[in-house]
Amino acid sequence: MQPALERALAELVLGPPLARSDLAALASRHALAADDRDALAAEFERWLVYRKLVQATLRDAVELAIPRTLARLGALFDEYFARFLRERGPQTHYLRDVTSELLDFCAPLWARDARVPPWALDLARHEAVQIVVSSEREPAVKAPLGELDLERGLRFVGAARVVRYAFAVHRMSADEGDRTPPEAAPTELFVYRDEEHDVRYLELSPLAAALLERLLAGESLKAALLAACAVTGSDPGAALDGTARLLADLSERGAVLGAAPEASPSVPAATEAREARLRAAEDCSNMAGFGREKEPHERS
Amino acid sequence: MDPAPRATTSGVGLGLRWDFLEEVLDGPDVDVGFFEVSPENYMRRGGYYPAALERIGRRYPLVTHGLTLSIGAEAEPDPHYVAELATEVERLGSPWHSDHLALTSGAGRVFHELLPLKFSRDTAFRVADRLEALAEALERPVAIENITYYAHAGRAELSETDFLHTLFERTRAGLLFDVNNLYVNAENHGFDPFARLAEFPLERAVELHVAGHTRSASGLLIDTHGAPIVPAVFELLAATLARTGPLPVLLERDNAVPPLAVLLEEVRAVRRVVEHALAGRTPRTEARRAAGA
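First to last, the protein sequences are chains Y and V.
Note that the first sequence ends on residue 300 in this note's numbering; no numbers are left out.
Note that the second sequence ends on residue 593 in this note's numbering; no numbers are left out.
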């Protein structure tokens, strides 16, 4: 009867609020043996202590990760948090990953809920990416970038990614009490962990974002540049200098480690070109003060 | 079955917490026998914390104490988790690994909290078999900790201590005996912890834990690890050591963590109790005096 007991306990600690009078229905739902049901009923208040402990640990972990999202959504967040616990629940051994699981659960639901501000998921993802990147595995080993080879890809630090938002959430105030909504503006950021283990944010132009996404995916420099120019309507020839400057900057920052060992295939054709706008990467962190001690972690 | 050989780490250790990690990392040597760490906070990841722990491991013995194995669940322990754990305990050179006699996941959810196991023969057998498999996977001795249980998970077929004896008949694993957990359970369930102590299979103990707890508004003691050790727990520690002989002892503090200097003073108090107990003095009175109570 262990599976029945586990299902019942899972619902007890993660499910909807429960009164003593609900226990019989819970036991029936999970085909709990009568003596186990009676044992749970005999110590019902103490099981509510477990419920409180479990939910407090999980909520604290999420609040550490996305405090501004929680502050701005208020009761609406509580509603979705309870729904997450009830319908999906954490499935990771790592407390630091619970927020990502929650946001994956909420993403489609928030998109359909008019009560949720359209920028909420962007803000939550932007807050959460701090822990995701700061804990991403793979040590950074710096190597000189050397000569750029168009036929080869690049090696990046393991903790690096391009994120895209529809709102300029990276410019929002770090003040949890601020309620100013973000500007609706397509936003692309390069987020990486530097050699000091600090997470850095660089604002990118659409072309730079498209280029870096492809390079991170393993495409050769030539293929990535042509494809990025194609999707952004940029002139590949005019983009070359900017590309070289961008990659040199990222190399200097330790985010690009050097050329990849082998050439990557596939060179998509360029479309009609416009002037390349490959803005130099620019530090844009609004996460100052979001120190390492803020990462949720297990306590024994 | 024969117990696992005792590992070499000894003395009074301290649970390494991020609240004072940088002070340990960058400061002068601190007088602890070892640090105990929760591997989940350092494994399957990169970045600052694993790098910092590696540096600390060059200066102090480290012992791993896991939290999410869920050894008593119906489902086998997550093989990905166990594989990552094996890598981590090897990286840290932990002489043994321990986890809790608990249900930390079930029905596809991870609770991130130590829920009690049903004290049944089936559960004891299941846990024992899994401890054997875990020791094999980690290639080192393993131990399991008696937890605080505020309630029983279904109808208990066995007492906690009978459950432990049943379990240890089938495994070579050690017992990580948490003295504070015995005290908290005794208070919450209304039994004499000193009398109950005699029933525990302490011949299998490989490590002891001590910590503080908090009384909730309802009167229930909660194992918060958020307060100093109370004198009665020091007395229980002394009584335990009088039975076990020398064992590594760990001070845990997870909430309301005071400055490191305060924790180190508590480590010294624990050490005084250990020394007095092992010197064969009357445990209950000497423990109080040694702890400065």
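Careful, some of the hints might be misleading.
Unchecked claim - Pulled from the structure, derived: some chain V residues nowhere near chain Y, Cβ distances all over 12 Å:
1) 310
2) 400
3) 415
4) 418
5) 429
6) 439
7) 454
8) 455
9) 491
10) 495
11) 501
12) 568
13) 569
As the list claims (entries may be wrong) - Covered stretches of chain Y, as calculated for chain V (at least 3 residues, CB under 8 Å):
14) 34-42
15) 53-63
16) 93-101
17) 125-136
If you are wondering where the hints come from, they were derived from the structure by calculation, not from laboratory data.
Only a predicted model underlies this, so the values are computations on that prediction, with no experimental measurement involved.
We put the beta carbon where it would ideally sit given N, CA and C, even for glycine.
| query | What are the numbers of the hints that this structure violates, sorted from low to high? | reply | Numbers 2, 3, 4, 7 and 8 - these are the hints that the structure violates, sorted from lowest upward.
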